[in-house]
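Visitor: For reference, the chains in residue letters:
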Amino acid sequence: MAINPQSFFNFAAQNYHLLHDIFRRNGGMNDAELSELIRRYRVSLESPAGLIEKLVNLKIIEPLPDATASYEMTRTVAVLFRFLLQEQRLTSTAVIQAYLDELERAQADLDQAIRDDKHSLIERALDEITETMERIRQDSRANREAIINEVMTVKSNREKRTVSERFEKILHLWSHYLEPLKDLIDVRKTMDASLDSLERLLKQGTEQFLLDGALHREFIRCSVRLVRLRRDMTADFLESMHEVEPLYVSLRQDSTLARGVARALERIGKAGIKSLNLPAELAIPSGWLREGLFDNTDVEAFLHNVRGYQPQEPPVISLGTEPPAPRFIQPDELIESLRQALPIGDVLQWLLDRYEEYPFPELLRAYGRIFGSDNFKTGFSKEVKSYQLPGMTVLARPLAVEAMP
Amino acid sequence: MIENPCDLPFLDEIFQRLCRGRHICAEDGNHYHALYDNFDLYQQLFDRLGFRLEAHPRDFYYFRGEKSLSDGSSRMALFIFILMEFLEGQGEPVAESILTKEFVIADMPHFTTERYRLYMKESGIADHDGLEGVINNLERFGFAVRRGGAFRFRSPVYRFFDICHAILQADQQQAECEVSS
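Protein chains in written order, with numbering that gives the first Met the number 0: chain B, 0 to 404; chain W, 0 to 180.
Please keep in mind that the hints were generated in silico from the structure rather than gathered at the bench. The beta carbon of each residue, even a glycine, is placed where N, CA and C say it ideally should be. Just to be clear, a hint being listed does not mean it is correct.
Result set (SDA-like, lysine to any residue): computed pairs, CA atoms no more than 20 Å apart in a straight line [stated by the list, open to error]:
1) B:Lys53 - B:Ser119
2) B:Lys154 - W:Thr99
3) B:Lys273 - W:Arg57
4) B:Lys168 - W:Cys176
5) B:Lys273 - W:Phe150
6) B:Lys159 - W:Glu95
7) B:Lys159 - W:Ser67
8) B:Lys168 - B:Lys273
9) B:Lys53 - B:Gln13
Residues on chain W that point at chain B, a partial pick, calculated with CB under 8 Å [claimed, not checked]:
10) Leu7
11) Phe62
12) Arg63
13) Gly64
14) Ser69
15) Ala76
16) Gln89
17) Phe110
18) Ser122
19) Phe140
20) Val144
21) Gly147
22) Phe160
23) Ser179
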């Protein structure tokens with residue numbers, strides 16, 4: 000049975016508080032609960048049973064499918080209430096995708112109808128396109144309102160939910176509604192390409208049916224709606240992002256901190272506080288350095304005592320009567336002495352004469368240095384010579400040295 | 000242009016403070032501004048003297064010690080970790096609350112649950128006096144400011160946030176390694 004709109008709105012106006020309370024009962028209510036509500040809010044002497052019948056007839060409530068004598072608000076009226084109370088629900092991506100598919104199908108129909116020049120089919124396709132665009136626009140706006148509501152709920156946190164729980168909620172909002180919404184307006188994505196192609200088709204129709212007044216007006220109206228759809232969707236997205244992003248960033252930071260703290264406390268509980276090695280991590284100086292320092296007064300007092308101090312000769316440390324035997328022949332000095340004595344017929348004898356106080360191993364080192372030097376021309380004699388040294392006799396072919404030619 | 004490092008403003012006071020482990024932030028006025036304006040010179044000078052001056056991205060300065068480190072670090076960190084967890088459980092924004100709220104010492108949650116009491120015992124803090132000692136240390140190192148029976152944190156408290164991030168990151172890396180192996 001058709002509903003008289005005027006009767007519907009009159010009834011709704013008279014019984015607003017009752018309707019609002021029914022709307023809030025998400026899970027529905029049984030006959031007794033509904034009667035109790037009616038008694039609380041009724042404005043006339045009408046019996047609860049009579050009023051329940053009216054509510055059913057006006058399609059404000061309907062019986063629950065899974066219980067007898069129990070009711071819930073009809074979806075149509077609930078949607079109207081949500082709209083009026085700005086409590087819209089989020090539209091899922093799947094629904095939006097379905098709209099897009101529908102739009103593409105209607106666009107294909109319009110394209111074909113234009114080719115066939117069938118005016119009635121063109122009008123029908125334009126109606127469908129307009130209807131779908133309006134649904135997308137309304138849902139986009141509803142999403143924006145719903146997102147703002149969710150953000151406000153998370154911000155106010157009346158239920159005292161933890162940071163992690165709130166972050167989960169915002170993350171869900173972000174990934175399930177904002178990201179898809181972004182895809183809808185992203186110029187590189189299919190939605191935008193599809194709307195571009197629709198725009199071209201509508202432009203073509205506007206030009207093609209310039210002389211058909213009614214059809215031409217329909218094409219223009221549809222084009223204008225398309226412009227409005229794009230503008231509103233972009234505005235809805237930006238507004239939603241504006242609301243969600245700061246909260247998302249702040250909750251993400253808090254959530255990371257909370258998880259870090261939980262891990263830290265867990266480790267302290269299991270392995271003790273030393274397991275975190277916090278003194279090394281924080282590396283805060285203990286401040287002991289100050290104890291090792293002295294202030295200016297101390298320095299002045301010290302210098303005052305130092306002033307007028309006469310240094311004394313350092314005490315002589317006796318090393319015994321005999322001077323220590325030299326142990327090392329300086330290579331530079333050796334070469335220079337040799338250079339001045341050139342030519343030398345027997346280097347070993349020269350060393351024994353000149354450095355007689357040096358130990359024999361050091362003389363041999365000097366002998367080796369001379370033999371290996373590139374500064375002189377060397378040559379051995381054919382005859383072996385015997386050298387008498389304290390406690391030993393050395394047999395060798397004398398090494399002759401002369402200056403390089 | 001300062002050519003002689005000894006002409007750096009507030010050099011002795013700044014050095015004394017940093018040596019004692021103090022963190023210098025904008026609230027410290029002249030000392031902060033002197034470091035902010037001449038950071039490179041201070042860093043070079045302290046480096047020659049064997050001290051490592053650090054500038055934190057959140058705009059404060061401190062010495063990173065190497066050998067003689069404060070053993071109060073663990074207790075300060077535990078104090079802040081418990082407070083952060085408590086705030087999180089209360090549904091408060093953790094970072095924002097730590098950075099902006101003034102906390103009454105008598106209302107601290109550190110001895111309210113058995114778990115917290117165990118943590119505190121583990122770090123050698125047995126009672127309210129011990130808690131006062133930790134808060135005094137936080138003030139001494141420039142992490143907090145006391146006002147009577149209350150205190151609030153200063154921006155260097157971000158160093159403890161960094162620790163939380165580092166712990167979480169290390170755990171995640173370990174988990175990734177375990178998965179890949």
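Visitor: All the hints need checking, so say for each whether the structure fits it.
Guide: Here's how the hints hold up against the structure:
no. : hint                : in the structure
1   : B:Lys53 - B:Ser119  : violated, 42 Å
2   : B:Lys154 - W:Thr99  : holds, 17 Å
3   : B:Lys273 - W:Arg57  : violated, 27 Å
4   : B:Lys168 - W:Cys176 : violated, 29 Å
5   : B:Lys273 - W:Phe150 : violated, 27 Å
6   : B:Lys159 - W:Glu95  : holds, 16 Å
7   : B:Lys159 - W:Ser67  : violated, 44 Å
8   : B:Lys168 - B:Lys273 : violated, 36 Å
9   : B:Lys53 - B:Gln13   : holds, 13 Å
10  : Leu7                : violated, 18 Å
11  : Phe62               : holds, 5 Å
12  : Arg63               : holds, 5 Å
13  : Gly64               : holds, 4 Å
14  : Ser69               : holds, 4 Å
15  : Ala76               : holds, 5 Å
16  : Gln89               : holds, 7 Å
17  : Phe110              : violated, 15 Å
18  : Ser122              : holds, 5 Å
19  : Phe140              : holds, 6 Å
20  : Val144              : violated, 17 Å
21  : Gly147              : violated, 25 Å
22  : Phe160              : holds, 6 Å
23  : Ser179              : violated, 20 Å
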